Amino acid sequence: MNTPVPADWYLLLSAALFTMGVIGFLSKRSLITVFMSIELMLNAVNLSFVTFAHEWHAVKGQIFVFFVMMVAAAEAAVGLAIIIAIFRVRGTLTVDQIDRMKL
Amino acid sequence: MNEPMLFLPLIALFPFAGFLLNGLFGSRLPKAIVSTIALLFPLLSFAVVARAAWMVHGGMLLPVAESGAPTWIAVGGFHVGFQFVLDQLSLVMLLVVTGVGFLIHLYSVGYMEHEQGYWRYFAYLNLFLFFMTVLVLAGNYLLMFVGWEGVGLASYLLIGFYIDRKSAGDAGKKAFVVNRVGDFGFLIGMFLLIANFGTLNFHRIGTQLAGHPAISGATATLICLCLILGATGKSAQIPLYIWLPDAMEGPTPVSALIHAATMVTAGVYMIARTHALFDLSPTAMMVVAVVGTATAFFAATVAMVQTDIKRVLAYSTISQLGYMFLGCGVGAYSAAVFHLMTHAFFKALLFLAAGSVIHGLSGEQDMRRMGGLRKAMPVTFWTMTAAVLAISGFFPFAGFFSKDAILAAAFQHGTLGKALWTVGLITALLTSFYMFRLWYLTFLGESRGAAHQDGHGDGHAAHAHESPWIMLLPLVVLALLSVTGGWIGIERFAGFLEPVTGQAAMVDAGHTELFLSVLAVLVAALGWFLAHLFFGRDGEAAAQAAQSLAPIRRLLQGKYWIDEIYTALIVRPVQWLARFVLGWLGEWTLVRGSAWLMSGVVGLSGELLRRWQSGNLRSYAAWLAAGAAALLLFALAGTLLGLNGFADSIHWAVR
Amino acid sequence: MHLVLFLIFALFALAGAANLLLQKHPINSALSLIVVMSSLAVLYLLLGAEFLAMAQVIVYAGAIMVLFTFVVMLLNEGREEKTWGSHAARVVGFPAVVALLAVLASAILRAGRHYGMVSLSDGITTTQDLSRVLFRDLLLPFELTSVLILIAILGAVALARKDDGNA
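Chain order of the listed sequences is A, B and C. Once you know that position 12 of the first sequence is 12 in the working numbering, the rest is easy, because the numbers rise by one and skip nothing. Once you know that position 23 of the second sequence is 23 in the working numbering, the rest is easy, because the numbers rise by one and skip nothing. Once you know that position 82 of the third sequence is 82 in the working numbering, the rest is easy, because the numbers rise by one and skip nothing.
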């Protein structure tokens, strides 16, 4: 009943999620979904952190994840604010059309 | 043994101090102080030389090598120092250089009085004395080469002294470039000496030659030929004589000092200094003798038709240097040095007297516009007469003894020597002829200044004036030396030089020599007679002779067109090559090519980077992903290459 | 039991991520991301990280994703259009992604032999354990995160404020 799962399965899942995040970054056209892909990658990395923390019985691995969450929260706040600002200036969120530094 | 204190370095350093003082501050000093400095230092170094000569007279043993000379180059076993050596040969040379040098300095004070750049002139002149004394005193070839190059530099500076005249600058450059050809030979010769002897020290090479007489003739010949090339450059012999006539662009005292009395004899001095090597190579000796004789004859023929008074003297100098080479070539080194010394007296005198004439005529150098100056310039006339008699070889003037010694040595030098003697004798005839031609044209007859004067004023002779005494004094002293300089006699002179130049191949005196001497004087008298015939009365005989010999005359006036031939054969091709190298290699390939390449590379990479920096977020992300993948691949490669475990490979990658 | 739970939620996570990629409308992608994050919270719990599982739900699935949905709704972006602005993304990016996955997977598979198993009976890292480390050893970094978040809030306000002429 209590069948154990090999730790590397978690890592593989993490790798798969990370790769899908990268794919999203490369293929999605909307700035918001690109940002979501970044969050996906962060979560994938968090998963491997937790897995390793479990593997080596290290509490600090989990605390690292905690800090990542904090930073992600801050980043989301600032990033989304930037997105709003960009939208206000450009009128679009299609990344292929936002390729100029000057206004 | 108690080392005698000679203060040899001071001989060179005094003029150098003069050069520094006048060169650095001369432009701000009054003329009197400049002259004082310029005269004092050569006089001081002459005093040091005279003291040394006195000590030698008092029984001091030569050679004296200054001890404690600093090292210049020390590479492995090869050692070159700043060593000065005084022996009989360099003592004679030093007396000539500093003595005549001082007299010419004195003369220059009067001659250059109204010239711009007075201080510059004397700075250069002192610089010349410095290098010349270094050349003469040097104890090894390299230090000698320093002096050798230095006198070339001073010569260049002084030939081009009149910086506002393009011809003067060109002549300076010509002298410099032609001398480089000779220096090339000298350098190769030095390299060969290093390769064969491992030293450049005169003394050590001498002892090595004495210790191992087996050094092969071919090597000696090769070294000697290289050194001969150097000597022909400095001493204006065929094929490198062409710079000397043009060097007359410089002030006349410079011509007297550098291009007659001292610097141009450096080649002769060098051969005499190296005679041990030349003695091993009959081929090289023959080359020296033939080159010298050919030059002597050739230059004498050209001198016959020159109209510029200084150019006559220039070709005469080349001719007399040819005699010295002939002397060296037949092994009569002491005779060559003897002639060097007497020549320094009378040729310096000739130049200075010519300078006095030019000075008196406000710069006129064309003999066709002179004449009748005997009355106006008596001192110049009489001293010049002494010099003319001396160079023509009349008994008992100085030139007679030295030229006779050389010709006698040549006569006793086998069949080739007889042939050379014959040419030498004919040259003596020519010498006498052209010198008396100069004498007649300049001092006798009527003044021709007015006839040729176009435009301004009357003839020069009308206001020709004798030079000031500061110029005449050196003339008188040199005239005395020209008369008496030969009385010491070749036997005693050769005996004095014997430790340096070796046993002279002399002479079973007696009838043969007496006969030769009489013949020489007769030939000189014949030259005078011919000159008197052509130029003594009026120009008609000369004109007729010129008419009948027109082709030869043209050939001589064109100086055998040697300059033109050199221009066509060497200068033009070199210029073409230079233009090609500059134009194609330099301009196109290097300058434009590199500029084009650089701008191309920058432009191309800029274009690539510009496309790369598209501003598109997804493109950036793609490259980011590619970079990450590459890094991870790199890390994985460690594990795949057999390192133990992933952690190790990460460790490896990080390190 | 563990295996079943792992498979279910791993599947959920992958499916959510795939949906995120496939959906054309940002709001659908955002909702898919919430699925992924919630699944991850369960997986954290399976790995014995109870505090992180809660934080994941509250911070990520809650706060951050709410922010996302707000922005999506606020800007009212429609379906995304297919644009072809980036050549490099296709030519360089996707091969790179494949290489990345291949490298990661192979590395994990090579190294995974040495790793142990994860089971429900492994015990849980309690919040108490975590807080002991966090508030004792890492107090200063923890306090600094609060400063960071404060700055982020200020930045967000400054950036998103309506441009009323003086900014």
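It is worth saying that the hints were derived from the structure and are not from the lab. Predicted model only: the values in this text are computed from it and were never measured. Check before you lean on any hint, since a few could be wrong.
[Stated by the list, open to error] Part of the chain B face toward chain A, derived, beta carbon under 7 angstroms:
id, residue
1, G615
2, N616
3, L617
4, A621
5, A622
6, A626
Yeah, the Cβ is synthetic: ideal placement off N, Cα and C, and Gly gets one too.
Exercise. Against which earlier hints does the structure fall short, listed by number upward?
Worked result: Of the numbered hints given earlier, the structure breaks just one, which is hint 6.
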